[in-house]
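All chains should be built: construct the whole structure from the sequences, respecting the hints.
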Amino acid sequence: MHPETVHITSYRTHLWILITLLALTFVTITVTWIDLSALTVLVALVIASVKAYLVLTNFMHLKFESSLFRVFIGMVLAIYVLVILFTLSDYLFR
Amino acid sequence: MEHRDDIGAKLGMWVFIFTEILLFGGLFLVYAIMRSSYSNEFHQAAHHLNAFIGTINTVVLLVSSATVAMSITAVQKGNRRLAVILLFITLLCAAVFMVNKYFEWGHKIHIGLYPGSDLMVSLSHGQVMFFSLYFFMTGLHMFHLVVGGIILTIAMVKVQSGTINADRYVLLENGGLYWHLVDLIWIFLFPLLYLIT
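If you read the sequences in order, they're chains A and B. Here the first sequence stands for residues 1 to 94, numbered as in my numbering. Here the second sequence stands for residues 1 to 197, numbered as in my numbering.
There are no misleading hints in this set.
Straight-line alpha carbon distances no greater than 30 Å define the calculated DSSO-like cross-link-like pairs of lysine-lysine that follow:
#, chain 1, residue 1, chain 2, residue 2
1, B, K10, B, K77
2, A, K63, B, K10
3, B, K77, A, K63
4, B, K158, A, K63
5, B, K158, B, K77
6, B, K158, B, K101
7, B, K158, B, K10
The set of hints was computed from the structure by calculation and includes no laboratory data.
What follows is the structure, encoded as structure tokens:
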């Protein structure tokens with residue numbers, strides 16, 4: 001038995017998330033064809049982050065878990081950002 | 001009375017996923033540094049990757065992620081038959097991904113492009129870095145795909161037998177989380193390796 005009320009995501013929601021993810025994939029491909037030089041990588045990474053957010057919140061169900069899960073993943077991402085910043089500061093200003 | 005803690009089981013799975021995120025995160029960091037040091041060589045080397053196969057594999061993985069998520073919905077609603085079908089579709093997608101990878105890697109190995117080959121040694125340092133990262137990151141990703149496939153096969157058998165049912169399905173949820181992680185990594189690998197030409 002589940003003491004907490006279980007949230008059941010509908011098939012329709014999953015389908016819409018999938019369609020959005022596929023659409024974003026084709027936006028990425030189109031954008032890299034147009035070639036915005038330096039901006040290309042940035043745009044590709046922003047779109048990838050949006051896709052990752054959709055997967056984490058919906059498919060991985062974070063939207064409906066207790067806030068403890070969100071705090072944890074926030075901390076992990078913060079640690080990763082710190083590692084990136086420290087490494088880049090070393091490489092760029094050595 | 002048996003002790004059960006589904007939240008705890010999921011939290012444990014997430015902690016494991018965090019270590020995976022940091023593992024691949026380290027590789028992405030190496031990629032970022034090397035790319036900024038050898039941007040021209042990375043651009044040239046990326047031309048050799050087959051963006052078409054990469055795109056197909058992206059679509060296949062996204063679909064497989066959605067079918068896993070839907071299989072959980074099916075189990076929660078008590079429709080185990082549909083859940084088994086959806087998980088089977090997921091495994092088919094995984095097989096398609098592997099076959100595509102076989103042709104992709106097979107072609108590169110055929111023309112002599114693999115770590116330690118004469119061709120690879122003759123390339124410039126930046127290109128060697130790109131192809132080394134390409135083989136290592138897609139290889140490690142593929143390894144995760146195989147493990148995820150095994151976990152989901154076990155989950156599928158258990159759904160079929162009724163061990164996983166509308167009342168207890170945390171194994172399927174955790175298997176699903178692992179599968180979505182595989183998808184998550186590919187979401188970043190695909191544009192960074194295949195689309196930066």
